[in-house]
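Q: Position chain X with the ligands against the provided structure of chain R, taking the given hints into account.
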Amino acid sequence: MEAPQYVAARVQRALAEDDRTHELGIRVDVRGDQLFLRGQVTGEEHRRQMERVAQEAAPELHVHNELQVVQVREPGEDEHLD
Amino acid sequence: MSILTELRIAAVGDVHLGDDVQGKYRARLTGIEDRADVLLLAGDLTRHGTIAEGRLVGQEFRDLPVPVVAVLGNHDYHSDLQYEIMSELRDNGIIVLDDESAVITCRGARLGVVGGKGFGGGFAGKCASEFGEREIKNFVHHTRGIADSWQRALKELDTDYKVVLSHYSPVKETLEGEPLEIYPFLGSYLLAEAVDTVGADLILHGHAHKGAEKGMTPGGIRVRNVALPVLGRAYGIYCLSESDSC
Ligand SMILES: [Fe+2]
Ligand SMILES: [Fe+2]
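Top line first, the protein sequences correspond to chains R and X.
Start counting the first sequence at 2; every next residue gets the next number (this note's numbering).
Start counting the second sequence at 816; every next residue gets the next number (this note's numbering).
Since the hints were derived computationally from the structure, they do not count as laboratory data.
All values reported here derive from a predicted model rather than from experimental measurement.
Where a beta carbon is used, it is the ideal one built from N, C-alpha and C, also for glycine.
Please note: incorrect hints may appear among the correct ones.
[Stated by the list, open to error] If you want the footprint, here are the derived chain X segments under chain R, 3+ residues with CB under 8 Å:
| no. | region |
| --- | --- |
| 1 | 836-845 |
| 2 | 901-909 |
| 3 | 943-956 |
[Stated by the list, open to error] In silico EDC-like links for lysine to aspartate or glutamate, alpha-carbon gap of 16 Å or less:
| no. | chain 1 | residue 1 | chain 2 | residue 2 |
| --- | --- | --- | --- | --- |
| 4 | X | Lys-1025 | X | Glu-988 |
| 5 | X | Lys-1029 | R | Asp-83 |
| 6 | X | Lys-941 | X | Glu-1008 |
| 7 | X | Lys-839 | R | Glu-45 |
| 8 | X | Lys-1029 | R | Glu-78 |
| 9 | X | Lys-1025 | X | Glu-1057 |
| 10 | X | Lys-839 | R | Glu-46 |
| 11 | X | Lys-1029 | X | Glu-988 |
| 12 | X | Lys-839 | R | Glu-75 |
| 13 | X | Lys-941 | X | Glu-988 |
| 14 | X | Lys-1029 | R | Glu-80 |
| 15 | X | Lys-1029 | R | Glu-45 |
| 16 | X | Lys-839 | X | Asp-895 |
| 17 | X | Lys-1029 | X | Asp-973 |
[Stated by the list, open to error] FRET-style restraints, in silico, Cβ to Cβ:
| no. | chain 1 | residue 1 | chain 2 | residue 2 | range |
| --- | --- | --- | --- | --- | --- |
| 18 | R | Gln-69 | X | Thr-820 | 39 to 45 Å |
| 19 | R | Asp-30 | X | Ile-951 | 19 to 25 Å |
| 20 | X | Glu-821 | R | Arg-14 | 44 to 50 Å |
| 21 | X | Gln-837 | R | Gly-77 | 47 to 53 Å |
| 22 | X | Pro-880 | R | Ala-4 | 54 to 60 Å |
| 23 | R | Ala-17 | X | Glu-950 | 16 to 22 Å |
| 24 | X | Thr-920 | R | Ala-4 | 57 to 63 Å |
Extracted from the complex, chain R is given alone in its bound form (with noise of 0.2 Å):
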């Protein structure tokens, strides 16, 4: 059975490099047949796609799409620099 590590390390590869996703920087955890996505994507459409193509490069894992989709708040304080 391949270890946990390369399979994991394979679907973030895929994540950084499918045309569709171009994702750095996601956590991609796999403990048994369990795959767990987390981090940051800019929409919704595009958290969706993240956990496709982690299920195309993982498919006999079960997929948790934990991934958030960034809030944009209103513009906050002004920060004095002097």
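A: Showing chain X with the ligands alone in chain R's frame:
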């Protein structure tokens, strides 16, 4: 004309725009002219660096009531269409810096912005050097070339304020939260060293989505990581006050 005593800089990076968020970011820019004098974009404006995304970015940031200055990030280079994306942005009235400077006049004060994408290599004591295989030499040489051109551009500027706009980070502090193992791919101390040599009021960067907002160069220049996931708000606002005002 009122003379500025304070220059208000709005900045954000890593907006990574795609079809699914079109128009959403723009909505957050309403009223920016009441809050800031200029908007700086710190790269990774697209996801895949395609022309279509470049056009989307152009539309999202065009015709704003404040001048917009941008640099690109590594994502914007991915499809080898960085120059096409730059012209797309310029066609929409955005000033794009590719290792060069621009001077903007804001209500009587002159702001010089120097910058470009920047690059990696790591931080003093734990970094790559121009030694060994050609591939490693090229990597470090690329960063060194960028740092040199920023230093030159800064030296030539004679403005009231000087700000450096980068995608990659010049310091480690604003990377805190990122895995240590990838620091060399997130920035280079050569960028900070170049700016410290000449001096500037502020350095802005993005790229490190999990990093921290605030840091400082060894020379004491304030550094702000304005990556959207770090800020969690539409943009940060940094006010510079004239040190030698009478
Ligand atoms: Fe980014
Ligand atoms: Fe980046």
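Q: State for each hint whether it applies.
A: Results for each hint:
Here's how the region 836-845 of chain X fares: 4 of its residues keep a CB closer than 8 Å to some CB of chain R, so the rule of at least three is met and the hint holds. Judged by the Cβ-Cβ criterion of 8 Å, the region 901-909 of chain X is not covered by chain R as claimed, because only 0 of its residues qualify and three are needed. Check on the region 943-956 of chain X: 0 of its residues sit with their Cβ under 8 Å from a Cβ of chain R, so the three-residue criterion for coverage is violated. In summary, the hint linking Lys-1025 (chain X) to Glu-988 (chain X) is supported, as the alpha carbons are separated by about 12 Å, within the 16 Å threshold.
Straight-line distance between C-alpha atoms of Lys-1029 (chain X) and Asp-83 (chain R) comes to about 15 Å, which keeps the hinted pair within the 16 Å bound. Straight-line distance between C-alpha atoms of Lys-941 (chain X) and Glu-1008 (chain X) comes to about 15 Å, which keeps the hinted pair within the 16 Å bound. The hinted pair formed by Lys-839 (chain X) and Glu-45 (chain R) meets the criterion: a straight-line CA distance of about 12 Å does not exceed 16 Å. Taking the CA atoms of Lys-1029 (chain X) and Glu-78 (chain R), the gap is near 15 Å; set against the 16 Å cutoff, the hint holds.
Taken as a hint, the Lys-1025 (chain X) and Glu-1057 (chain X) pair is broken in the structure, with Cα atoms around 32 Å apart against an allowance of 16 Å. Annotation: proposed proximity of Lys-839 (chain X) to Glu-46 (chain R) holds, straight-line Cα distance about 14 Å (limit 16 Å). About 7 Å separates the Cα atoms of Lys-1029 (chain X) and Glu-988 (chain X), which keeps this hinted pair within 16 Å; it holds. Between Lys-839 (chain X) and Glu-75 (chain R), the direct Cα distance comes to roughly 12 Å. Compliance with the 16 Å bound is thereby established for this hinted pair.
Taking the CA atoms of Lys-941 (chain X) and Glu-988 (chain X), the gap is near 14 Å; set against the 16 Å cutoff, the hint holds. Of the pairs offered as hints, the one joining Lys-1029 (chain X) and Glu-80 (chain R) holds, with about 11 Å between alpha carbons and a cut-off of 16 Å not exceeded. A hinted pair counts as satisfied when its Cα atoms are at most 16 Å apart, and Lys-1029 (chain X) with Glu-45 (chain R) does not qualify at roughly 29 Å. Between Lys-839 (chain X) and Asp-895 (chain X), the direct Cα distance comes to roughly 27 Å. Violation of the 16 Å bound is thereby established for this hinted pair.
Under the criterion of a C-alpha separation no larger than 16 Å, the hint pairing Lys-1029 (chain X) with Asp-973 (chain X) is inconsistent with the structure, at around 27 Å. The beta-carbon spacing between Gln-69 (chain R) and Thr-820 (chain X), approximately 40 Å, falls within the hinted interval of 39 to 45 Å. Distance hint for Asp-30 (chain R) and Ile-951 (chain X): a CB-CB separation of about 31 Å, inconsistent with the stated range 19 to 25 Å. The beta-carbon spacing between Glu-821 (chain X) and Arg-14 (chain R), approximately 47 Å, falls within the hinted interval of 44 to 50 Å.
Against the hinted window of 47 to 53 Å, the Cβ-Cβ separation of Gln-837 (chain X) and Gly-77 (chain R) comes to about 24 Å, which falls outside the hint. For the pair Pro-880 (chain X) and Ala-4 (chain R), the beta carbons lie near 56 Å from each other, so the given range of 54 to 60 Å is met. Roughly 19 Å separates the CB atoms of Ala-17 (chain R) and Glu-950 (chain X), a value that falls within the hinted 16 to 22 Å. A hinted range of 57 to 63 Å holds for the C-beta pair Thr-920 (chain X) and Ala-4 (chain R), which are about 60 Å apart.
In terms of the numbered hints stated before, the structure departs from hints 2, 3, 9, 15, 16, 17, 19, 21, listed from lowest to highest.
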